[in-house]
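Colleague: Residue numbers (our numbering), protein chains in the order written: chain A, 1 to 513; chain B, 514 to 865; chain C, 866 to 1229.
Since the hints were made in silico from the structure, they are not lab data. C-beta: ideal position from N, C-alpha, C; glycine also. Among the hints, a few may not be true.
Stated by the list, open to error - Quick look at which bits of chain A chain B covers, simulated, 3 or more residues with Cβ under 8 Å:
hint, stretch
1, 122-132
2, 209-215
What the hints assert, rightly or not - Computed far set for chain A versus chain B, every beta-carbon distance over 10 Å:
hint, residue
3, Asn-271
4, Arg-337
5, Asn-350
6, Gly-351
7, Met-356
8, Asp-360
9, Val-377
10, Ile-378
11, Lys-389
12, Met-472
13, Ala-504
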Amino acid sequence: MNQQTQQIPVVRMEHITKHFPGVLANDDVSLELYPGQVLALLGENGAGKSTLMNMLVGLYRPDSGSIYIRGELADIHSPQDSMALGVGMIHQEFMLVGNMTVAENIVLGMRELPFVPKIDQIRAKITELSKRYGLQVDPDAVIHDLSVGEQQRVEILKLVYRGADILILDEPTAVLTPGESRDLNKIIKKMLSEGKSAIFITHKMDEVIEFSHKVQVLRKGKTVNTCDTAGVTPQDLANMMVGRDILFSLDRCAYNPGGVKLKVDHVTVVNPLGSRPFLDDVSLEIHRGEIIGIAGVAGNGQTQLTEAITGLLHCTSGKIFIDGKDMTNSTPLQVIRAGVSHIPADRGANGVVGDMSVGDNLAMKKYRTSEISRGVVIKRSFLRAFADKLIEAFVIKTPDQDTCVKFLSGGNIQKTILAREIDSCGGVLIAVYPSRGLDVGATEAVRQNLILQRDKGNAVLLVSEELDELQMVADKIAVMFEGRIMGIRDVKETNTEELGMMMAGATGVRRNA
Amino acid sequence: MRIVVEKRDNKSKSAAVLIPLASFAISLILGAMVLLASRSNPLQAYSAMLNGAFGNARRFQYTIVESIPLLMCGLGVGVAFRLKFWNIGAEGQYVWGAIGITWVMQFWKFLPVPMLLPIGLLVGMTLGAVWAGVPGYLKAQWSVDETLTTLMLNYVAIGLAEYLYISAWKAPLGNMGTPEFPREAWLPPVWGKIHSGLYIALAFVVLLWFLLYKTRWGFELNMIGKNPRAARYQGVSIKRNIVLAMLLSGAICGLAGSMNTAAIAHRLTKGVDGGYGFTGIIIAWMAGLNPFASILVAIVMAALTTGADALQIAMKLPESMGEVLQGLVLIPLLAGSIFVEHKLKVIKKEAV
Amino acid sequence: MKKLSVLLVLLLLSTTLMFAQGGKEAAPAAAGPFKVGVIYITSPGDMGYSYMHDQGTKAAEAYFGDKIEVIRMENVPENDASARAMEQLIDAGAKIVFANSYNYQDYMLQVAKENPNVYFEHCSGYLSNENMSNYFGRMYQMRYLSGMIAAKMSTTGKLGYVGAFNTPEVVRGINAFALGARAVNPKATTTVVWTNTWYDPSLERQGAIALLDQGIDVIAQHQDTTEPAKAAIERGKYAIGYNADFRSVVGSDNVLVSPMWDWGNYMIPAIESAMNGTWKSQAYWGGLEDKMVHLSPISPLVPKDFQNVVMAKQAEIANGTWDVFWGPLKDNKGAVRQEAGGKMADDKMLTMDWFVEGVIGSVK
Ligand SMILES: Nc1ncnc2c1ncn2[C@@H]1O[C@H](COP(=O)(O)OP(=O)(O)OP(=O)(O)O)[C@@H](O)[C@H]1O
Ligand SMILES: [Mg+2]
């Protein structure tokens, strides 16, 4: 460590300030990264982490302040400029072109690319790199067809292909399964061993402690603390970020389920492109005042289950009942009218309309009701009051409700969705990875909110990849594997080990089937 | 030194106004260069155009008359464009409007004469709506590419109109035209050449503005246009709205056709496919799909057409020069729209 | 941004100022040249219909010298734009306006009624007013002669005709052509294809090719481009031109002859009468005797003695002893359309919607 400080930092940002209309995103922030080092950048949602890093790769220009790369003043105007300096970034929202292949995406926008690229050479180099770092991807696969985890590998390949040795990772594990996260961590360690350095943004405290050498905490655009990682605890970090203690424990009423609210009865959904069905004879009941958690490695039918319930995916066979009423293959609107609200997995693509304002996005369920409309006419004054109420209640950080949602920080986009869905919940709440990308404080608030819904007598379906979240929040946990439910367990009567085995496909001992 | 295009951090409001103005100025300069190259005085040419379009009451009226169908078609395609549904079939829908009103005027003899005009306009609207609804339905139901279907359907409509005025519905006397509509069923004038279609067009501006910006349906269209998947997750039916929006879009373009026929030609005849539907696409685009802005853009486009006549008369320039100048206006304006969201930056090499 | 706005405002201001200065129209001088407005459906560069009209306009310009000034407007669509064009011509001082396409007539009549001090000349229609005439020429007479030549040179006896629209004018031309052909070869047939366009190079060519593919070896046309003729020549077959002398335009003696217009012979007297105040409204349909139409020089491939036969027929038409639609005439379904021993009345010719014997095809 000491000898590192004698070296010239590979990245030095000095007195960076950046305004957006109505927001001071970075306020005189300085940062240093030394060779071979990992710097963890922490902070609440909207603290300015992504903005700071975006300036390092030329997506934004600082209002003032300067950037030095390997000791030399750098003038970075575009990602190409930063790439030429060996700085590459994996963004919070991926930046791949969906209908192009992996290979095309990797070379897209490279400045030294010849007019007619030699695709064979490119492919060979990709294969070599993916072997070296253990990043299996098919260079000819189309991005659309890849899972999030695979897409992330493509993002990493893109960086190493272009020779980046300063890596910026903006919440890389937020969208990954625990297994994928472990793989990613291995890859990053391998890169560090080759002398690369990294800046790592995350909301997961254990990752910070496992990985980083140094921690820098931002709050409201300012640096509030910089320290060595050795010796800090998750509690310390949370405290630095939020400025108060985080409880990491939740209040809840006693488990006292009512009647059956949502019933999924032997539902099968065939996959038109694959051999194995998305959902294979799935049955599930959720009572009023109950949270059922769905555990499982991503891609085992969890999203399809939620989409079948919400009318977005056609059930091949089986039935779905809400309040005893047959809702099988109803339209999404009918399901919404039946009181189901839905926090979808892919927030950018399905959860918000990025080019519409925060206010409009908040109103996207309730605009049909008299809370916002009079007949077919939307009352702007009603909508504004409604939106302001939710912005305040859910602590959404936005300059005003007229700002386009796409300009919010990742976590605040998620909060916008949560606010809308929780507010409009009329009996059933389906939440898929609701705490993805949220800071510790917000995560705590979301979990508390889910429990609140349950206590109010709503039925909650929570899909999550984090077992500890499920164990903390859910009353029962159902484990999905290859489109089937391997078993449903009472939280109190199961443990991480059993759930883990079921997630891997073991049926386990059925105690109450 | 090099020049880069950077995305603006935020859309600039003043840029949205200044850039089209600057683009317009650039196109004037480009046009001046072309005019100079053909040995004409650009100032004289431009003033002749301005004079030709607005020089006296009569010319002003002609420009307004020309702008009415342009505005209507611009409004019509604009509705579909909100959904990113590329209706380039406005021309065909317009022609169907003309066919519809002719059908009523010529064959619905059972109607009392005063009813011919309102019913004719309605039938024209309906046929235009159907003609647009078909590609809408094909897209909604089987994702058939709408650019192709709407484009092809233009030629079918134009071909049918030709067949009708050349043979099937031809007036006994003369050729390439159906019989003239009864005089009492013409769309009445309001001021000189300007006919009452102006009021209809303006009413549609207000109506659409209300529909698109104030109602739940407009909100849904906005969602679908900007993120169809999210809209579907919010319970908005994309298929239904595509068909609805196309019906409305086609109805407006069809009404444009039946209105113009009842006001000007008073019969289905050669020249019905005056290109209003195609120019309407440009109008919708340049007006940023805003109904009120469309008024201004339609007048500018109409003035370019009416003003171009003056180029031939006053400047003795070939007719094609008028078209060249019109094209020159478009290119910088369309290119300019990029810079509302992006900015140019000149980077001088700084000492490192 | 501020600097830019100031700049823009300045720019706009200066342009408006310039407009204001340039905008002052030169007031029409009272004793300037007599102004003549001309409206064309296409551009005279098309070597077709408008080209021939422009030859007439040019003849008038040559005849009157600087006593007249012609203002031309080309590519004027047949809708409201034509009324606008006429009014702009009148604004510019035109005292007589010519328009050369059929569907201008409604608009011309409307403008004529509103401008009683201006004379209007509409070509190819039937409407008129105190200050509006219509005029046309008996092109069918030349079509007949060209049909004779076509039949003479054909080896198969199968002739083809690319027609634009089934208007009486075109139908009459086809019938005249077929009658001329049958006068030389009683077995000759004339096959018709419709393109439904006056001007479309590729459609016109396609029409000719469809005919050539049936073994037809002479292609005649009522179209505005040279494409049908070119298609025939490329296959080593013969062509009959129209409007312009295709033999010199295309550069091949396989163009046997071209029926041509002489619009100048109408326009010059019309302008003259307008200038000296003797202009009278009329419905004019002039033929060979009025020099409204003529044949181009005949290709040297056509035997000299046969050329004399054609010229003799032409003289017969010119002196009025005979005309093309001379009874008895039957249509191609066998019905008698004109009793023996006489010339067909003009109104029957002007509404002709049937084909004579020897034509393969239908008017509809
Ligand atoms: N392009 C933009 N236009 C306007 N405001 C922006 C823009 N980008 C970011 N902001 C604002 O800047 C602030 C900082 O955002 P940033 O994305 O840097 O947060 P973050 O620390 O990455 O948060 P998260 O953990 O939620 O991703 C936020 O208030 C956000 O709304
Ligand atoms: Mg962020």
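Colleague: None of the hints should be skipped; say for each whether it holds.
Modeller: Hints versus structure:
Requiring three or more residues with a Cβ within less than 8 Å of a Cβ of chain B, the coverage given for the stretch 122-132 of chain A is violated, as only 0 such residues are present. Figure legend: the stretch 209-215 of chain A, annotated as covered by chain B; annotation inconsistent (0 residues with Cβ-Cβ distances under 8 Å, at least 3 required). Every C-beta of chain B lies more than 10 Å from that of Asn-271(A), the closest at about 19 Å, which supports listing it as non-interface. Taking the minimum C-beta to C-beta distance to chain B, about 8 Å, the non-interface status of Arg-337(A) is violated against the 10 Å cut.
The Cβ of Asn-350(A) does not lie farther than 10 Å from every Cβ of chain B; its closest approach is about 5 Å, which violates its non-interface assignment. The Cβ of Gly-351(A) does not lie farther than 10 Å from every Cβ of chain B; its closest approach is about 6 Å, which violates its non-interface assignment. The Cβ of Met-356(A) does not lie farther than 10 Å from every Cβ of chain B; its closest approach is about 6 Å, which violates its non-interface assignment. Not every beta carbon of chain B lies more than 10 Å from that of Asp-360(A), the smallest distance being close to 7 Å; the non-interface claim is violated.
Interface exclusion of Val-377(A) from chain B breaks down, the closest Cβ pair being 6 Å apart, not more than 10 Å. Under the 10 Å C-beta cut-off, the non-interface status given to Ile-378(A) relative to chain B is violated; the minimum distance is some 6 Å. In this structure Lys-389(A) is separated from chain B by more than 10 Å, as the shortest Cβ-Cβ distance comes to about 19 Å. The claim that Met-472(A) lies off the interface holds: its Cβ sits roughly 27 Å from the closest Cβ of chain B, which is beyond the 10 Å cut-off.
With a closest Cβ-Cβ approach of about 31 Å to chain B, Ala-504(A) is found to remain outside the 10 Å limit, as its non-interface label requires.
Consistency note: the structure conflicts with the earlier hints numbered 1, 2, 4, 5, 6, 7, 8, 9, 10.
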